[in-house]
Amino acid sequence: MNLVIVDYKAGNVQSVLFALERLGVQATLSSDFETIKAADKVIFPGVGEASSAMAQLRARNLHKLLPTLQQPFFGVCLGMQLLCQHSEEGDTDMLGIIPLQVKRFQTDLKVPHMGWNQLENQQSPLFSGINEKDYVYYVHSFYVPLSEYTIAQTSYPEPFSAALQYKNFYAAQFHPEKSGPAGSQILKNFLAL
Amino acid sequence: MLTKRIIPCLDIKNGRTVKGVQFENIRDAGDPVELAKWYAAEGADELVFLDITATNEGRKTFAELVRDIARHIDIPFTVGGGISSVADVEVLLHAGADKVSVNSSAIKNPDLVSELARHFGSQCVTVAIDTKYTPEAGWKVYTRAGTVETEHATVDWAKQVTALGAGEILLTSMNNDGTKAGFALDITGQVAKAVTVPVIASGGAGSMEHFLDAFTKAHADAALAASLFHFRELGVPALKTYLKEQGIDVRL
Numbered sequence: 001m002n003l004v005i006v007d008y009k010a011g012n013v014q015s016v017l018f019a020l021e022r023l024g025v026q027a028t029l030s031s032d033f034e035t036i037k038a039a040d041k042v043i044f045p046g047v048g049e050a051s052s053a054m055a056q057l058r059a060r061n062l063h064k065l066l067p068t069l070q071q072p073f074f075g076v077c078l079g080m081q082l083l084c085q086h087s088e089e090g091d092t093d094m095l096g097i098i099p100l101q102v103k104r105f106q107t108d109l110k111v112p113h114m115g116w117n118q119l120e121n122q123q124s125p126l127f128s129g130i131n132e133k134d135y136v137y138y139v140h141s142f143y144v145p146l147s148e149y150t151i152a153q154t155s156y157p158e159p160f161s162a163a164l165q166y167k168n169f170y171a172a173q174f175h176p177e178k179s180g181p182a183g184s185q186i187l188k189n190f191l192a193l
Numbered sequence: 001m002l003t004k005r006i007i008p009c010l011d012i013k014n015g016r017t018v019k020g021v022q023f024e025n026i027r028d029a030g031d032p033v034e035l036a037k038w039y040a041a042e043g044a045d046e047l048v049f050l051d052i053t054a055t056n057e058g059r060k061t062f063a064e065l066v067r068d069i070a071r072h073i074d075i076p077f078t079v080g081g082g083i084s085s086v087a088d089v090e091v092l093l094h095a096g097a098d099k100v101s102v103n104s105s106a107i108k109n110p111d112l113v114s115e116l117a118r119h120f121g122s123q124c125v126t127v128a129i130d131t132k133y134t135p136e137a138g139w140k141v142y143t144r145a146g147t148v149e150t151e152h153a154t155v156d157w158a159k160q161v162t163a164l165g166a167g168e169i170l171l172t173s174m175n176n177d178g179t180k181a182g183f184a185l186d187i188t189g190q191v192a193k194a195v196t197v198p199v200i201a202s203g204g205a206g207s208m209e210h211f212l213d214a215f216t217k218a219h220a221d222a223a224l225a226a227s228l229f230h231f232r233e234l235g236v237p238a239l240k241t242y243l244k245e246q247g248i249d250v251r252l
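Protein chains in written order, with full-length UniProt numbering: chain A, 1 to 193; chain B, 1 to 252.
Bear in mind the hints are in silico, worked out from the structure with no lab data behind them. Small disclaimer: the values here were computed from a predicted structure and weren't measured. Any given hint could turn out to be false.
Here are the simulated DSS-like pairs of lysine-lysine, each with C-alpha atoms no more than 27 Å apart in a straight line [stated by the list, open to error]: (1) K9/A to K60/B; (2) K167/A to K133/A; (3) K193/B to K103/A; (4) K193/B to K188/A; (5) K133/A to K244/B.
Sample of chain A residues with no beta-carbon within 10 Å of chain B, all distances over it, derived [claimed, not checked]: (6) V25; (7) Q26; (8) D40.
Quick reminder that beta carbons are idealized off the backbone N, C-alpha and C, glycines included.
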């Protein structure tokens with residue numbers, strides 16, 4: 001399988017590479033238009049701030065390519081938020097693939113939402129073998145509300161989208177590459193889609 | 001529910017794990033990668049690696065070690081020690097660290113905190129605060145491995161770095177560190193109440209009850225310990241089972 005990780009200098013690329021390596025899977029790091037287009041599957045990691053990440057994508061012309069991709073695609077953390085329409089973080093227009101808004105947590109609880117929290121109401125092969133209330137690792141200050149594209153949820157304190165699916169675009173707000181055995185299983189499930 | 005985090009901390013010198021008792025009398029407690037794998041398998045929620053090597057040569061060794069750790073463990077980890085620039089952080093995050101912690105360099109140059117938050121996002125910027133209580137000065141921030149008193153009152157400094165973009169505070173009480181007499185509940189509680197970001201209690205853990213107190217009395221979001229775990233005086237699974245029985249949300 002030709003697996004490509006999108007490299008745009010705003011991702012925790014190394015952690016994702018290592019997680020795949022632990023599964024015995026080789027992936028190619030690339031920001032090249034043709035390489036990404038030709039991939040069987042694409043993983044799109046992301047950490048950092050929304051507007052700088054969008055600037056990095058634009059600088060590589062990836063804002064035009066990514067929405068046109070047809071193969072199974074997996075956005076992680078900021079990589080999930082970037083797939084949406086708009087983010088309150090820096091009032092940023094995102095890639096606009098999934099017609100959803102990214103909002104800042106408005107809560108008395110600590111922000112960032114940082115640590116291990118539970119998956120609920122999973123509705124996708126992406127979560128096969130994952131139990132209701134299994135723990136995954138989160139670290140984020142912005143979130144996507146529940147929507148018709150939500151395929152799993154987590155509460156902090158209100159429920160929000162732990163994962164999304166829109167056509168071939170899958171996405172997780174948590175970090176599967178840092179979520180122990182449950183995270184490895186979710187990555188494996190994506191590779192098996 | 002978001003769980004309270006249990007965090008073993010590994011002090012690293014020349015690629016090996018060490019732990020100072022009150023930051024002195026360093027003892028060797030093993031190979032960092034092996035220890036990290038062992039903790040991840042035991043159910044530690046995160047790990048912290050502090051590089052106490054002072055030389056540039058040691059720095060390079062540490063970056064290689066970070067890569068080796070990232071390759072082998074599947075839980076998040078924070079690295080700190082001697083970080084003073086965006087370039088330093090870039091190397092460590094690129095090697096696979098999830099968060100970095102800054103301490104003395106933030107005191108020397110508070111703008112570093114905002115610079116790091118802007119470049120990498122607040123979520124990967126932990127500000128470590130070493131604090132010490134004296135009857136004359138109250139709780140003050142100390143720098144240079146806890147040897148030099150600064151003019152900063154601890155709660156004010158915690159609020160200041162949070163405003164600058166810190167995503168987390170790692171608060172170590174010098175009075176308690178190495179004593180195994182419990183965390184500094186008063187200052188930890190004051191800081192946890194004063195800031196909107198998560199606070200890690202550190203220094204003084206000696207029993208399971210101490211962790212319970214850190215979460216229930218001081219409202220810490222996470223608690224860190226070193227030698228207690230390294231020398232197997234307390235196991236992470238036993239600790240988490242106990243906390244769960246006491247009604248604390250933990251990942252089991």
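Here is how each hint holds up against the structure:
1. K9/A to K60/B: Between K9/A and K60/B the Cα gap is close to 22 Å, so the pair holds against 27 Å.
2. K167/A to K133/A: holds, 26 Å
3. K193/B to K103/A: holds, 24 Å
4. K193/B to K188/A: violated, 41 Å
5. K133/A to K244/B: Holds, because 15 Å separates the two Cα atoms, which is no more than 27 Å.
6. V25: holds, 14 Å
7. Q26: Q26/A is indeed farther than 10 Å from all Cβ atoms of chain B, at 14 Å.
8. D40: holds, 24 Å
In this structure, only the earlier hint numbered 4 is contradicted, and the remaining ones agree with it.
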